[in-house]
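Asker: These are the residues of each chain, in order.
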Amino acid sequence: MDFPINRTDLRELKKGIDFAFRDFSRTYGDAIEAFFDPLMHFMVWLEQLMIGAPWQVMILIFAALAWLGSRSLLLVLGTICAFLLIYYLRMWEDTMSTVAIISVATLICIGIGIPLGVLMARSERVQAVITPILDIMQTIPSFVYLIPVVMLLGIGKVPGLLAVCIYAMPPIVRLTNLGIRLVDKEVLEAAGAFGASYRQKLFDVQIPLALPNIFAGVNQTIMMALAMVVIASMIGVKSLGVPVLRAISNQYLALGLMNGLAIVALAIIFDRTSQKYGQRLQKHRQGGHDV
Amino acid sequence: MSDIKVEIKHLYKVFGPNPVTMVEHVKNGTSKQELLNEYRHVLGLKDVNIKVLACGVQVIMGLSGSGKSTLIRHINRLIEPTTGEIMVNGQNILAMDTQELREFRRHTLSMVFQKFALLPHYTVMDNVAYGLKIQNTPLIEARERSQKWIDRVGLSGFERNYPAQLSGGMQQRVGLARALATDAEILLMDEAFSALDPLIRTDMQDILLDLQEELQKTIIFITHDLDEALRIGDNIAILRDGEVVQQGTPQEIVLHPEGDYVNDFIKDINRSRVLQVGSVMSNELINDGPEIDISMVIEEALPKLSAANPKGVVTRDGKAVGSVYLDRMITAITRPKSTSKGKVIYS
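Chains as they are written, first to last, in the working numbering: chain U, 1 to 291; chain A, 1001 to 1347.
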């Protein structure tokens, strides 16, 4: 067959890209690593704190958070049972590492994702630029962006965290954008008619009314971060993904199942808690005079 | 009553990618339909000129699509005009920059919306205080001032409810209180009572007229309901396809409708409730008969006369100024036949 580009040229092209990136990572790798240093220290500190704390205290904290979020006794009970089981089946440390990385990843996604979503909602042009980038982030096979991340930063927590964030950020950006665009135009017009500035409209009207959608985004982000944990463990993130990987390569059925189910338990707890919290944010939508 | 508060001069609004050149076409006689078919532009407003007097209720009336909501949004520049001038308190509001416009909207005028447009996540109290919050009024003062208006519109006890927990009529009272709380001199009301059922609507009109007597604001009121327009308006402008077809007091519009369009409108109204004795009196002074004030509507004046006693003394401030006859009043309130020319013939 006849291709417009011959084999040698193609090889040269690929080599060119590879060498260029290798040179780039040799020149700037250290600087970039240094830039992420505080983040790594924070993650290590958080992980050590959670592993180091007495397990009873941690379970109480989780139960309290579940109560604050959901106000559901059933969920609190489920949370306590799940974590007790995790402790007795000796998956405690990996589970704490997982919760630590998920928490940091979610915070980063919220911190970057919500402002990005706000910008997208404000301008059609920004939306036109960001939407395809989000599409790429969600569909490109994770291993593909693991390569340059590992080349730049080596293996470890920070590259793992980046990989998780790349995968988990799109939903919160999309849903923030959507939520703000769905805010009732009349209410927004009323705010404008009373002389509200852009900032006042954003913080008094748009974000509060978009919160249910934004919260659905946070929920999705947490779920996707959890799903990414196994892949992140391939590049050296300590988490429940590590025993799962070991189980795959050695065909340990029970080990894989137990750690897999621990991830599922975390997912269910996070999901129900954040969903219930999101619903409670919409209290004002209820009708009836005697609330 | 003689100060001009808001003046709209030669206002044109065309929607589309190239509005300014379209205005020239409209000035040269292109109709709304031709503009749409040939140039794909929508004519919103065409050469609107309205003078709104201070402390009066100016009604702008028209059917849906006549441009009335577009027009009212020009007065606080929620919509920018294509060409024309809008003066408020003698100041050209089109010359204002963003900051000036914001201050203008905060202090000079406020607006009530057809679908209420309350903030669903705020309580009644916070909704009423919203305009003050935007002005950065201290919270305690804002609450105090809002409470006064909540009480005034009859919502005491509902301060901590959310809008979704209130009926439509109550929600619009919140909307009204919110607009009044900023003490703005001009009140823009965009079909404010149209979404309410008839009884509640009459109720709200009463509240508004009551408040107006006390507050003497300048109110610009949009409606598609002629009965409402005649009831609350000191002055009415009738809008059709973006053009003002007639302006005048309710008496003038009912007695001298210009053209078939206005004529069709006034055909079905209750004339006895609009026409005042002054419109049908004669200058002949008589001595006996019940005294009837010149501004009384015929509906109220009729019971004072009877077949046995068919004439009354018309008074102004207690002094006799003329007389009125039963048959003249009855003639005036019968529905007129319109001729092919659109002129109204009585008798």
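Source of the hints: derived by calculation from the structure; they are not laboratory data. A portion of the hints provided could be inaccurate.
[Stated by the list, open to error] Computed spacing ranges between beta-carbons, pair by pair:
| hint | chain 1 | residue 1 | chain 2 | residue 2 | range |
| --- | --- | --- | --- | --- | --- |
| 1 | U | S72 | A | P1017 | 24 to 34 Å |
| 2 | U | E186 | A | P1138 | 25 to 35 Å |
| 3 | U | Q282 | A | D1203 | 30 to 40 Å |
| 4 | U | I61 | A | T1098 | 22 to 32 Å |
| 5 | U | F203 | A | D1203 | 41 to 51 Å |
[What the hints assert, rightly or not] Pairs of lysine-lysine residues, derived as PhoX-like cross-links and limited to a Cα-Cα distance of at most 20 Å, are as follows:
| hint | chain 1 | residue 1 | chain 2 | residue 2 |
| --- | --- | --- | --- | --- |
| 6 | A | K1009 | A | K1051 |
| 7 | A | K1115 | U | K201 |
| 8 | U | K185 | U | K201 |
| 9 | A | K1133 | A | K1148 |
| 10 | A | K1009 | A | K1027 |
| 11 | U | K201 | A | K1009 |
| 12 | U | K185 | A | K1115 |
| 13 | A | K1319 | A | K1304 |
[To be verified] According to the in silico footprint, chain A covers these stretches of chain U (three or more CB under 8 Å from chain A):
| hint | stretch |
| --- | --- |
| 14 | 154-160 |
| 15 | 184-194 |
These numbers were taken from a predicted model, which means no experiment stands behind them. Heads up, the beta-carbon is just placed ideally off N, CA and C, and yes, glycines get one too.
Asker: Determine for every hint whether it applies to the structure shown.
Answerer: Here is how each hint holds up against the structure:
no. : hint                          : result
1   : S72/U to P1017/A: 24 to 34 Å  : violated, 54 Å
2   : E186/U to P1138/A: 25 to 35 Å : holds, 29 Å
3   : Q282/U to D1203/A: 30 to 40 Å : holds, 31 Å
4   : I61/U to T1098/A: 22 to 32 Å  : violated, 48 Å
5   : F203/U to D1203/A: 41 to 51 Å : violated, 36 Å
6   : K1009/A to K1051/A            : holds, 8 Å
7   : K1115/A to K201/U             : holds, 19 Å
8   : K185/U to K201/U              : holds, 12 Å
9   : K1133/A to K1148/A            : holds, 16 Å
10  : K1009/A to K1027/A            : holds, 15 Å
11  : K201/U to K1009/A             : violated, 31 Å
12  : K185/U to K1115/A             : holds, 11 Å
13  : K1319/A to K1304/A            : holds, 18 Å
14  : 154-160                       : violated (count 0)
15  : 184-194                       : holds (count 9)
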